[in-house]
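Asks: The primary structure of each chain is shown beneath.
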Amino acid sequence: GNSVTQMEGPVTLSEEAFLTINCTYTATGYPSLFWYVQYPGEGLQLLLKATKADDKGSNKGFEATYRKETTSFHLEKGSVQVSDSAVYFCALKRQNNNDMRFGAGTRLTVKP
Amino acid sequence: DTEVTQTPKHLVMGMTNKKSLKCEQHMGHRAMYWYKQKAKKPPELMFVYSYEKLSINESVPSRFSPECPNSSLLNLHLHALQPEDSALYLCASSVTGGATDTQYFGPGTRLTVL
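Chains as they are written, first to last, in our numbering: chain A, 576 to 687; chain S, 2 to 115.
These are computed hints drawn from the structure, not numbers from a lab.
Treat each hint with caution, since some may be false.
Listed next, the stretches of chain S that the computed footprint assigns to chain A, with coverage defined by at least 3 CB atoms under 8 Å from CB atoms of chain A [stated by the list, open to error]:
(1) 18-24
(2) 33-44
(3) 65-72
(4) 79-86
If you want a taste of the chain A side facing chain S, the calculated C-beta under 10 Å gives, among others [said to hold, decoys possible]:
(5) P606
(6) Q613
(7) G616
(8) K627
(9) K635
(10) G636
(11) F677
(12) R682
Heads up, incomplete: computed chain A residues facing chain S, CB under 10 Å, no partners named [what the hints assert, rightly or not]:
(13) V579
(14) Q581
(15) E590
(16) A592
(17) F593
(18) T603
(19) G604
(20) Y611
(21) E617
(22) L619
(23) K643
(24) S660
(25) V662
(26) R669
(27) Q670
(28) A679
Each residue gets a CB set at the ideal place from its N, CA and C atoms; glycine is no exception.
Start from the sequences and build out the full structure, keeping to the hints where you can.
Replies: Here it is, written out as structure tokens:
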């Protein structure tokens, strides 16, 4: 079946540290891949997405590259801020399918 | 306008009550979704409407009843819920539901069943 596996959290970093959150997927065909962020008490916001192999999604200093050979979509940011503290969800959507599958989520806490 | 609105923000109900959650979007999207999110868990898909027709029903108990009166509105009718149904209920919409579509989420309704 289609599934997403994220690195387990929680992740705690100091401000300006480098962030990587690993995400790997299992899917048939060519899914689209997404990173969503959820701040405390809020709904999910799209952070970035990539719809085909080798695409790089980027937004607000975050980046992720769709790697078909390793079935991965790792999230990176060069210098995190306290305001980046949130839960990050990796997700995939298969072609011709309305169903979005989310990973378990990774809680990030950034300390000043 | 990339906003999905949900009302109410919070809802407390007893097991014998009937209530409804409401979701609205004015982006012209033709696919709308209901998700359930328990604490510290990812969202779980409940229902998908595509062009106002129910296209996915993920084996959700009949005490949850979705309704899509028009392309901008999505309701979730609740009846005889159980305490384990307490969760954050998220609505989302996307252009057509295609694989590359971004789903835009509302802020959610936090439901507590007593």
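Asks: Of all the hints given earlier, name the ones this structure violates by number, lowest first.
Replies: Hints 1, 3, 4, 9, 10, 15, 16, 17, 18, 23 and 24 not satisfied by this model.
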